[in-house]
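So the sequences go chain by chain: A and B. Going by numbering that gives the first Met the number 0, the residue at position 287 of the first sequence is 286; the numbering climbs one at a time, nothing skipped. Going by numbering that gives the first Met the number 0, the residue at position 48 of the second sequence is 47; the numbering climbs one at a time, nothing skipped.
Just so you know, the hints here were simulated from the structure itself, not pulled from any lab data. It cannot be assumed that every hint is accurate.
Stated by the list, open to error - Chain A regions said to be covered by chain B (calculated; three or more residues, Cβ under 8 Å): (1) 2-8; (2) 31-44; (3) 177-189; (4) 420-430.
Said to hold, decoys possible - The calculated label-pair distances, taken between Cβ atoms and stated as ranges, are: (5) B:E111 to A:Q231: 46 to 56 Å; (6) B:G29 to A:K336: 18 to 28 Å; (7) B:E471 to A:P406: 29 to 39 Å; (8) A:K277 to B:D9: 20 to 30 Å; (9) B:Y11 to A:T142: 22 to 32 Å; (10) A:I57 to B:I151: 34 to 44 Å; (11) A:D45 to B:I151: 56 to 66 Å; (12) A:P35 to B:A397: 52 to 62 Å.
Glycine included, each C-beta is placed from N, C-alpha and C at the ideal position.
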Amino acid sequence: MKLFNEKLKVINIGLKSFKNDLEMQGQKVAQVNWSPSLIKNIELLDELDEFMLKTDKIGEMEKANKKAIKLVLDSTPFLVDIDYAKNVIPNLSSKMILHAGPPVTWENMAGPVKGAMIGACIYEGWAKDDKEAIKLIESGEVTFDCCHHHNTVGPMAGIVSPSMPVHIIENTKFGNKAFCTVNEGLGKVLRFGAYEESVINRLKWIENTYMPTLKKALKLSGPIDLRNITAQALHMGDECHNRNKASTSLFFREIAPYLVKATENAEKLDEVFDFLQKNDHYFLNLSMPACKSCLDAARNIEHSTILTVMARNGYEFGIQISSLGDKWFTGKAEEIKGLYFPGYSEKDACPDLGDSAITETMGIGGFAMAAAPSIVQFVGGKVEDAISYSKSMYSITTDINNNYTIPNLNFKGSSLGIDLLKVIEKEIRPVINTGVAHKDAGVGQIGAGIVHAPMICFEKALGEYLKKYK
Amino acid sequence: MISKFILKKDEYYDSVTLMVISKTLSNIEGVENAFVYMGTEMNKDMIIKFLPELKNEVMDSTSNDLMIAINGEDSLDLDKIIEELEKQLKGDCSSGETNKNKAYKNINEVLEDDEDYNIAVISIAGEYAFREAMRALKKGLHVMLFSDNVSIEDEIKLKEYARSKNLLLMGPDCGTSILNGTGLCFANETKKGDIGIIGASGTGIQEAVVQLNKEGLGISQAIGIGGRDLTSEVGGLMMLSALDYLAEDQNTKEIVLISKPPAQDVKEKIIEKIMTIDKPKVICFIDSKDNKELPNTKYVNSLSEIARVCAQKDNKLKLSYERLDELKSVKSKINANKIVGLYCGGTLCAEALHLLRNSMKPIYSNVAKNEEEKIKQEDYKDNVLIDLGDDKYTVGRAHPMIDPSVRLLEIEKYAKSGNYGVMMLDFELGYGSNESPVEETAELLKKVKEENPNLIIISYICGTKEDYQGYERNKAMLEEISIIADSNEEMCKIAKYLLNKDIDKE
């Protein structure tokens, strides 16, 4: 018995006092602060163990994942144009509103989402006020659907209606497109469910002044390389989900000369520049569709376990898997752990909300927290916590993305390709940085923090995958 | 309510840092509100809203200045708080080495960082322990399974798998092991020697180790196998493995087995195995009958007898002349004839029952297997031996070896009843136990002795001179108030003597 002659090297699972006693005796100890398995369905794990023994199936899966990753890595997202949603978003009917996250009924919609839907009806001119808007929605005259079903992504409530301007992002390598509205900025905004006059007015301004200006500017500048901006921004303290200052500044620098050329009207230019200057998160609405267009290239690859979507609607969190197509696997959206602005606390918070988790699905955002240590202060952590979050995400992803390198990790490429099986095996859930919305419509952001994708989504997806491929 | 405002001109900090600091300050007891923000209009308005009395001071701030506003209970030392805050603003430069004190979420995470581990110690709730133990075994780790409430089916699964991979599965409900000189969970510090112990009980192993230590004898290994290993169902799976390991271990020259009596079929398997082992063996199956004679094997009747046999001394425990003198002087004080033993160590309680049942009949215990010895109701009138580590007493509290409070209550109750002449108490030193096992109890005992001068207290400190709590230090705390026995067996013998029982009769 070898152990009788070896120094003990102990993994202590449970009472910390045992660790202290072992250290007192000069032995090597690692402490596991154990908590019950995140995976409730133990039979599923047994099924997975069996599946893992099927080397041919595993081979197919690995090949498929490699293929999926290559498609994502080769993708080249460019901002090519801006136009009315109704002109460019596929299958958008004339009285349809798109929302963030997986499918949800009107009754279950979170406060901010409901508020934003109402705002959209008013903006479109379908309703005079909230009462009329609600009637239209409840009667079914106004319908709604997920952004993701239309190659679209939206932050927070993520509401897109036919007359809203949307950025058009083209993945030029493969030709597929993705769409996202223009970020309204701070204060009372539609994406947090506000629909008072100032909100509608701003949306109208975006439609009537900003869109034509940007449209002209893009014709003059040509397509804007979003992969390039993202890569630079990751070297400048951004993670392009919750921290977009650098990327927004880089975008502004690139487009500004053309905005000038595109407008003769000094007053209009003033308004446009003022709008851009006050908006720290403008690039979020470019970052998201850029990620979406890259990940869409990897959809529908048989046997692949790579995640193509992570999205939330304030009620549920949903994921999609490459080999399982458009199927959603959902679970209750979690509460965000973080810092609240004065006067607010957890009890005021809306659960996790928005399509912005597409950035984490792409390996930036929370996965690249090491690039943006200031974010981790939101949970009272230290710089090394940001680094360790990023590091732990490598264990649930398939590959490294050398297009996006992270200085604090010695310029290691960001993690890429969340693997369903790895999440289950390691019981490590994808981490997401996010803003916290007030649960009531229209109040706005009340804090920011960190949240995880619920394990039940992965359990359900795994069940489906094993059913399909066993 | 008091409040204070400080303005730091031209000092910039980013909003997230300030938000964190505000939150930390707000959490200090007695602080009502704490605001640490740059002097923008919005922030100024906010402070004035909550602390209107600071309005004039606040209004002078500009957006380049740092505002610090705090209010709270009158007793708050606001200056101190602000001093602390200034330190934090200077920069929490401790980038800190978090890896040493890093806490992992599961075994896989640990092994990904570093593969070099050889054993897992598991003390989580029983319903989850099986999975973690199985995972550890699958990763090639030996397992010390301290957790109880693991089903017998799961125990069998674990042990069969462990044996197939030549790994130890010590437990479930295993309190003590000592491997290569390192104590796991509850264990006493002792020297290395050539006696190997296999035990189905925690304090049983501890007492054996302590007594051997008193005879100057050390151990090679002490392998805990869990309380159910020798049942028919489990079939002695770990006992048999451990016997093989110690048989082949160069450093083990003598093998000691400690347990309650095994099931008959298991006993036979053990005997079969023992017949193949040349090394001298000592078997302590407390309460065992029909001990088949085996080559080079001695049966002993108590844990301390193990040490006497290994030290090749006389088997029987004798009370020394000094001891008898000590006892004669206190014997006359006794005016009640009942005995109570309040035990932390379950096996010691069982041993006491075994050693005392004939002389102290009728005697009751919560560790009794015989119907007539089970406690019917606690009415503080009978001869009774209580294992306070039993589930009934540990619901919602720590084990008495860690937290003395439950025993303190019982000590008072039994003393007050006036029915008892003798009270026996055990104290365990070593890893796992309380940092100062005797102190709190000794405090209480002083009071108890004053109020009940006719109650004689006998203590036994189960510890070695090497244990970190300090054997002599703890002994000194009991000196005036208690007779201090050198073993659990001696404690029982002393009790018999004091209550006029025949100390030579078993």
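Three or more residues of the stretch 420-430 of chain A near chain B by CB distance under 8 Å?
-> holds (count 4)
Stated coverage of the stretch 177-189 of chain A by chain B [criterion: 3+ residues, CB within 8 Å] | With 0 residues in contact (Cβ-Cβ under 8 Å with chain B), the coverage given for the stretch 177-189 of chain A is violated.
Do E111 (chain B) and Q231 (chain A) keep their Cβ atoms within the hinted range of 46 to 56 Å?
-> Since the Cβ atoms of E111 (chain B) and Q231 (chain A) sit about 32 Å apart, the hinted range of 46 to 56 Å is violated.
Given that the stretch 31-44 of chain A was listed as covered by chain B, double-check it with a C-beta distance under 8 Å for 3 or more residues.
-> holds (count 7)
In this structure, is the beta-carbon distance linking Y11 (chain B) and T142 (chain A) contained in 22 to 32 Å?
-> The hinted range 22 to 32 Å is violated for Y11 (chain B) and T142 (chain A), with Cβ atoms some 50 Å apart.
Take a look at whether the Cβ-Cβ distance between K277 (chain A) and D9 (chain B) falls inside 20 to 30 Å.
-> holds, 24 Å
CB of I57 (chain A) to CB of I151 (chain B), is that within 34 to 44 Å?
-> holds, 36 Å
Okay, G29 (chain B) versus K336 (chain A) on CB: inside 18 to 28 Å?
-> About 26 Å separates the Cβ atoms of G29 (chain B) and K336 (chain A), which means 18 to 28 Å holds.
Against chain B, does the stretch 2-8 of chain A show at least 3 residues with beta-carbon separation below 8 Å?
-> holds (count 7)
Status of the given 56 to 66 Å range, CB of I151 (chain B) versus CB of D45 (chain A) = Violated, at about 21 Å.
Check the following: the C-beta atoms of P35 (chain A) and A397 (chain B) are separated by a distance inside 52 to 62 Å.
-> violated, 21 Å
Range hint 29 to 39 Å: satisfied by the CB atoms of E471 (chain B) and P406 (chain A)?
-> violated, 59 Å
Checked against the numbered hints given earlier, this structure breaks hints 3, 5, 7, 9, 11 and 12; the rest are met.
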